[in-house]
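Residue numbers (this note's numbering), protein chains in the order written: chain Y, 417 to 672; chain S, 417 to 672; chain Z, 417 to 672; chain A, 417 to 672.
Hints were generated in silico from the structure; no laboratory data involved. Please read all numbers here as calculations on a predicted model, not as lab measurements. Honestly, I wouldn't trust all of these hints.
Identical copies carry no separate label here, and so any pair may be met within one copy or between two of them.
Unchecked claim - No more than 25 angstroms apart at the CA atoms, straight line, and that leaves these computed lysine-lysine pairs for DSS-like: (1) 574 <-> 518; (2) 554 <-> 671; (3) 518 <-> 671.
There are 4 protein chains.
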Amino acid sequence: MTQSDQSSLPDVALIVGGGPGISSSCARLFAQQGMRVGIAARNPDKEVLQRLEQTLGARRYTCDASDPAAVERLFQSVVRDLGRPTLVVHNIDGRVEGIFRKGITEADPELALNTLKNSAFSAFLVGQQAARLMRENKPNANGAKGTIIFTNASAALKGFPLSGAFAMACQAKSGIAQSMARELMPQGIHVANVPIDAAIGWTQEDGTRAHRLAGTSVDDNLADPDRIAETYLQLHRQHRSTWAFEVVLRPWLEKW
Amino acid sequence: MTQSDQSSLPDVALIVGGGPGISSSCARLFAQQGMRVGIAARNPDKEVLQRLEQTLGARRYTCDASDPAAVERLFQSVVRDLGRPTLVVHNIDGRVEGIFRKGITEADPELALNTLKNSAFSAFLVGQQAARLMRENKPNANGAKGTIIFTNASAALKGFPLSGAFAMACQAKSGIAQSMARELMPQGIHVANVPIDAAIGWTQEDGTRAHRLAGTSVDDNLADPDRIAETYLQLHRQHRSTWAFEVVLRPWLEKW
Amino acid sequence: MTQSDQSSLPDVALIVGGGPGISSSCARLFAQQGMRVGIAARNPDKEVLQRLEQTLGARRYTCDASDPAAVERLFQSVVRDLGRPTLVVHNIDGRVEGIFRKGITEADPELALNTLKNSAFSAFLVGQQAARLMRENKPNANGAKGTIIFTNASAALKGFPLSGAFAMACQAKSGIAQSMARELMPQGIHVANVPIDAAIGWTQEDGTRAHRLAGTSVDDNLADPDRIAETYLQLHRQHRSTWAFEVVLRPWLEKW
Amino acid sequence: MTQSDQSSLPDVALIVGGGPGISSSCARLFAQQGMRVGIAARNPDKEVLQRLEQTLGARRYTCDASDPAAVERLFQSVVRDLGRPTLVVHNIDGRVEGIFRKGITEADPELALNTLKNSAFSAFLVGQQAARLMRENKPNANGAKGTIIFTNASAALKGFPLSGAFAMACQAKSGIAQSMARELMPQGIHVANVPIDAAIGWTQEDGTRAHRLAGTSVDDNLADPDRIAETYLQLHRQHRSTWAFEVVLRPWLEKW
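Generate the whole structure from the sequences, applying the supplied hints.
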């Protein structure tokens, strides 16, 4: 299948943001596909990331993605250790403790600003470093120099009440993604924004299902991060004659 | 790969609208994947469709998709010949001779109404028959009873000047697709709307590139229908935990 | 206030679609502002329209707005009786008996097509005739040759389940409105699409409140058609340096 | 006209961001309508603001609107000097020197973050203080406790190339506006987001036209801030049965 065509060099995938959901699923899938995988997190010593290193050989990096110098160092380390990245996933939600379900009159400004920095501003920084490196890549068999994917949330599509800071952060992330897409796609770099319109659930080692939001009882109403990772891989392998910029993923039972 | 899981019965794909672009690419790819393929067109005797029959065993059907009775008969014939459809692609642009680049004051009302009937109303009819059959299907390994895909155009996203009838038809098609998606997805039927934001080009037997719009000179600015068909297949194989409703495909060089 | 500047000739307003809600409110407000008012309906003998004639001098016209010849005759009659229109409001919802709350598998195709014709296709016809006349108008003090306003519904923004035909019709209407706006605004004709995201209620002669949807109990959750008419007047009086194309109106208590 | 109904107390309008365009036009119009007007800027000693004070009695305030404590103090001062605000306009574009027309690979991260803080984060802060005060207001004759208007730009609708930071900031501002609208409108506070899809021009004392973007030669393709102010006044006076959240204003000749 032409889609699977690869240039001679192996893909180097960098996942920024590390947890047991989408980031872990991406690391597993990308490694299975023969990519060299790096994963960056504030705290890369989490057990879940250690296991990815042990089982997949994924390289772990410490990075506060809202710090310009730290993001620059991260990409330098990745180039040195794994090679120039061809696939970068920004998978940081950005919400901090204390920001959830706060009305506009109660929300703490400092936490709101942190959410904005963790999410959109770090997307700007990660996208910037990725673009600087990728524009020097040779196009692969699908005509792409690289792929930059931003995980986003339903608040990117609609600002809900009691979550102003998150709406601000998600739509800011859409804004930087759109601008980068219009600027970089004609330069051969595929940029995608993927709002996940659902809570995300994953299967734990003991076979039970875990998810980020408590109280979500209908199992089928949780997006499966392994499936999200498959979509990311498909986006990475799209030929440049037919690139998708935005893909909203939601479970069949989700109201929208 | 779990995505390729198939239920025991083979997929039956019906493509409504038949030409050398997306419909032919879909027929080829779906047949390669082991599906039984039917293709319906006003004039199924076109050479391009005859060849699909000869090379792939695709079954050809005559159908004016804007005629309720004809669409009902089409689906009855497909069930009889191939089995209950699990994948239906509505691939009718709807534009008629004389409607192109007409200002609102010059556009012929009868042609405008025909465009609307050929495009959106036939999408309604095809979607209706597909839904009636699919809701009786058993869910496949990805939890889906079937997939209904509407090919659409950039006018679905933005009504351009000098093409009022087409804007009306494309946005009507988005409307019926959205309503069907919100209604049928919780019933296990995946509905997708795929605006192609580009002229579509394809490789002819002599190796040269053909396309629907004259004067499109940059080869890379034509969407490749083989790649569009791949996206349709991926949509069909998405697990119901992560369904995409709308995917806009555009070439890397397209302005948007 | 400069906004009220008027050219020397009086405005001629034509309202297509006639009922006790928005159409009546527009007729009253426009007449109060000194405009000559025409109102067209399938059945212009309804008591509510007779009263508008008696109290405001509004001229009544019989017109099936989905019939090209009838719409052409309507505009000829208006020019003859009142003068060239400078403000045209298309206020036809288009839904027919039997189309409400029907699933896609049950909806009657003929009724769906009628809804599409009554709504979007009649908007095309009315917009076409309005544009033909208005482009010959002299610009008024706000630089406008005329204003064409399409009343629309929330289904223009989102296709809801169990109302596929209406979603199709409303989004088709948005499509023709968008195309006309991009084409006609640079020619000096202001085109606007106004989705009302609410049930509409009005005060009856006995002082009680009537509304189109039964069972809507919260009075404040009904859009007041007198206020909608005020927005239409403001749109008509906007200077061409700052035209709004789409205004969504919804009551404060509406969920969206 | 019912729209002009006012509660017994005079409106108190606070304009955050002060320049010769929209802010000055708002100050003039609001003062003409009998409102008490405050205007806050980083540098309130600009001549244009001094003149507003002299001619209209507008009160000037010093405020860095990206500083939580400064914004809190601003509202306290306004309450003390003018009374509780009923109309607050956030009119800060946020772009800083050095951010214009920068590709993603060249953009300075610190300037990008400043743009985000000046624009979206200050909108959060101003909206928060406005909401805290307004929710204690008595509803006026139109059922509103107050109106909060965010001036925005076309980048709120579409992220353009070479302006990633601005796209991020504008869409973030839309996000906070949307969340506030869904949260506060059911509490009686009208929230509106007004993207101006144009360069803005204004008439100088010598009668010539000035504008923010150099090289914009077609006079009619500049939005007139006096007209924008009229729209803001109309939004403030809308009855709560028919509130508009988003109004995009663009000149007749603008491409979109």
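Legend entry - Numbered hints the structure breaks, given as an ascending list: No hint contradicted; all consistent.
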